[in-house]
Amino acid sequence: MNIFYKINNLSFKAQKYVFFLFIIVFSIGIVEALVLSPADYKQSDSVRIMYVHVPSAWTSVGIFSVIAILSLGNLIFKNKYFLTIAKSLAPSGLIFNIIALVTGSIWGRPTWGTWWAWDARITSMLVLCIFYILYILSWRVFQNKESVNKITSAISILGLINLPIIKFSVEWWTTLHQPASITLSGSSIHSSMLLPLFIMTAAFVLFSVLIFLMKYNTELIKIKNKGLDRI
Amino acid sequence: MTFEIITMNGYGLYVWSSFIFTLISFFALYHVIKIQLKKEQEKFKSKYFDLTEEKTESVKKQKTYKEILAFTNISKI
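Chains as they are written, first to last, in numbering that gives the first Met the number 0: chain U, 0 to 230; chain V, 0 to 76.
Simulated from the structure, these hints should not be mistaken for lab results.
A hint or two may mislead.
[What the hints assert, rightly or not] Short derived list, chain U residues pointing at chain V, Cβ under 8 Å: (1) 47; (2) 51; (3) 91; (4) 109; (5) 210; (6) 213; (7) 216; (8) 224; (9) 227.
Predicted model, so just to flag it, every value in this text is computed and none were measured.
We put the beta carbon where it would ideally sit given N, CA and C, even for glycine.
Isolated chain U (complex conformation) (with noise of 0.2 Å):
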């Protein structure tokens, strides 16, 4: 039995725990960050969106960063399953990747007083958003298996080049955004900001975990469908 017959057998099961877990996480973070923590001393309650901007943007780009890792690992092992799986995980990273733009938008009206700003960081997840659109759209219009394997997998490993560009945008250009507040050295958070910023973060992934394990099933049955009318 190989491992992606397990993980088949296991994403038809897996739904509804983590749909329930994925309720019971998200209820959670919500009252801790829109109840239980404190307000920032400098930015006061406008902080709040941070949990849900922060995680999302996170989640996008560690989406992105599989589907290309996946990418290349179809290139190299020709392993169908490979392409499955990154496809089925780009819905997710498309919304993450939106709801991290428009809420960064929100957040930046009243504390920089713009909607938008083509700041270095805000730009290059801005090109992230344009390359889950490539991706996303290149698996509908091109019909040729061979073609679309190539093509998908090129826009993720290019899309693979802004991702280094997000992470130190902050630090290699001047830019309005913020430079990271938590490091591999450590945070400059407070823990009672730090605890709703990763319990939300947790219900991101469970959600972007749900997505991916439904639109894996529905391209399962895709397969199975088109194997059926060959029959």
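Given the coordinates of chain U, work out where chain V should sit on it, guided by the hints.
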């Protein structure tokens, strides 16, 4: 307390719109994907039950379909 949560020291409009936008996005994506999944499940169900008994038996014997059918409980679809 309730008033403070709503107004958020004058930032209520920004904070609440961010959270509501996130919730709407989650809800919309979940439902779009759920509809797609249901559509494919319905298609599979109708195609599988349209097969003749002979073809159904041959499907069950083939290695690829053994794997497919093993992780798909047709009665549950």
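Hint check results:
1. 47: holds, 5 Å
2. 51: holds, 5 Å
3. 91: This hint holds: residue 91 of chain U lies near chain V, its Cβ roughly 7 Å from the closest one there, short of 8 Å.
4. 109: holds, 6 Å
5. 210: holds, 6 Å
6. 213: holds, 5 Å
7. 216: Since the shortest Cβ distance to chain V is 6 Å, the answer is holds.
8. 224: This interface hint holds because 5 Å falls under the 8 Å limit.
9. 227: Result: holds, 4 Å to nearest chain V Cβ.
In this structure, every one of the numbered hints holds.
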